[in-house]
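Chains A and B are the protein sequences, given in the same order.
In this text, residue positions in the first sequence follow this note's numbering: the first is 1, and each later residue adds one.
In this text, residue positions in the second sequence follow this note's numbering: the first is 1, and each later residue adds one.
There's no promise every hint is true.
Using 20 Å as the maximum straight-line C-alpha spacing, the simulated SDA-like pairs for lysine to any residue come out as follows [unchecked claim]:
(1) A:K159 - B:C274
(2) B:K205 - A:P172
(3) A:K159 - B:A160
(4) B:K148 - B:R313
If you are wondering where the hints come from, they were derived from the structure by calculation, not from laboratory data.
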Amino acid sequence: MERAFLVTSTLCFLAGFAYAMYALGAKVRQHSRWNFVVMLAGFILQSGFLQLRSSAVGRCPLTNLFEVLVFLSWSVMLLYFVVGGTYRLSLLGMFTAPLVFLIQVVAQLLPVAMHAPVYKKSAGFWPELHAAISLVSYGAFALSCVAGVMFLVQERHLKRHTLNSFFQNLPPIANLAVAVQRLMLAGFALLTVGIVAGFFAGHAAAAIVVLAVCVWLPYGVLLIMRGTHRISSRRIAWLAVAAFTVALTTLGALSVLHISN
Amino acid sequence: MEVLCLGLSHKTAPVEMRERFAIGDANVGEISALLVQSPAVREAVIVSTCNRVEFYAAADDSTVALRTVSDFIKEKCGHAPEAPTFIELKSAEGIRHLFRVVSGLESMVIGETEILGQVKKAYQSAQTAGATSRTLNKLFQRAFNVAKEVRTKTSITRGAVSVGSAAVELAEKIFGRLDSCNVMVLGAGETAEMTAKALQSRGAKAIFVSNRTYERAVSLAKMLGGRAVHFDQWEREFDAIDILIGSTGAPHAVVTNAKISPLMTRRQDRPLFCIDLAVPRDFEASVNDIEGVYLYDIDALQGIAEQSMQVRRQELVRCEEMIERHVTEFSRWLTTSHHGFGGTAGMQPEGAK
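So here's chain A without its partners, still in its complex pose:
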């Protein structure tokens, strides 16, 4: 049952992406409602999967890389629903869908995805809080990366005077610049909470906290530079993409360390 939830949610994200691409090509203006419905269905199914998995493993479902990746894609979707509506960035869904689809496909292709869930005793409140909050922060960083890509695409259109259907559907560049910064800030704040929780977790989580700080520091520097206007919106957009790519690569290491704890 849980596997059916996950596969269907993955298909929902694929459908959301395909429909958004079709809507852009066909120049349909009211595509966001459909996109929203499909993405919401995918999110509900994801939540269902995580709920069932949580019952099976007896703790927050972050016991292997497969679960970590699904939890990460769920975090991205959670923040998409919070932020997408706030900033009216309807097209964020179109860019988020392929990212979430890709993460879930990779997760399901992992050999560990085939293993039956193993019941483990809870590591305790603080380690679980640390892991969950840190992953949600990665969701915010993922969305800042998505908004960064949107900014760079829109900027390219404006500079080159290529005002196609894609351009028409993208939000104003100033709004995207603000979204990149605020999402980065949200991720940074969440990761700070995650790291603090990691300190309370004792030395079982020491190595994980060190890796988390390695992600936290560059984002902190970026935010300070942005706050003091020492870095342009364009550069921050590029760095949001680069920083998330680096953060994603550390996730493998983080999850191995976390699982071993």
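Fit chain B to the known structure of chain A by using the hints.
Frame of chain A; chain B shown alone:
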């Protein structure tokens, strides 16, 4: 019951002719009510805008009603409506014409939406004056729904079709809302004035005008409700402006890369939208290479407008297909409902009140 339309438009008559038959907004309801006092005309709506004067009516016999409406126009305007200036459309042709008009397909600028508001106003005036009943109520409600469908399901209203609207569209794609944007006009050309007005109509906060002839700058600034700036001092205001319009008659570039680059570093990453309406150009092309600066010259803006117009022309076929479906449905309803079958099934206009 039959629907008919008698009228003239920018397609059939020059403005000197159209103004002879024009009816003021305040009078359309009253005149519609006068028209239905004639036994040959059951219901009437008069649409009178700068581009068209059209009499829509519902009558038992359209031939007799057309003659009555024609006599009525002659009596009210002092001129007889004659072909080919005036067109006479009966039944499906009249219905189709109204649907095309409200959808903007008959407008001077294809897809413009102002006409929908004007027709709505004309209909409301006629309705308030008691000049409409079942047939025209249904026809106009259906027409408004057709216009909505055409607008939302096609790209007929999409994109900017003039230099001014292209500039506004781009400004909104850069800044979002324009209510915190300050505009500076260099020079005092007519297109610059129109563009500044277009930006102002979308909420631009303040307008600065700078011109070699200071008096001209003062005059334009007064007209726009802005502030005049001496031409040799415009750079002092640079930090405050978001949109810079160039429209001077200078034979060389007034805004150069060397001048703008150092000024941009003081702006704390606020983008700058440069609109070059001058020929020869006021901005060096390399200004567009500066980070955060978006430069569009007159060719680029005209290209955008032409591109949008082309998209709208391509959408005509889709719009016509939609309209044709509604014309068929409405004609069928008109025939059945007035032959005692009461066949209104499936004819309730979407969203009809």
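Hint by hint, here is what the structure shows:
no. : hint            : in the structure
1   : A:K159 - B:C274 : holds, 11 Å
2   : B:K205 - A:P172 : holds, 18 Å
3   : A:K159 - B:A160 : holds, 18 Å
4   : B:K148 - B:R313 : holds, 18 Å
In summary, the structure agrees with every hint in the numbered list given earlier.
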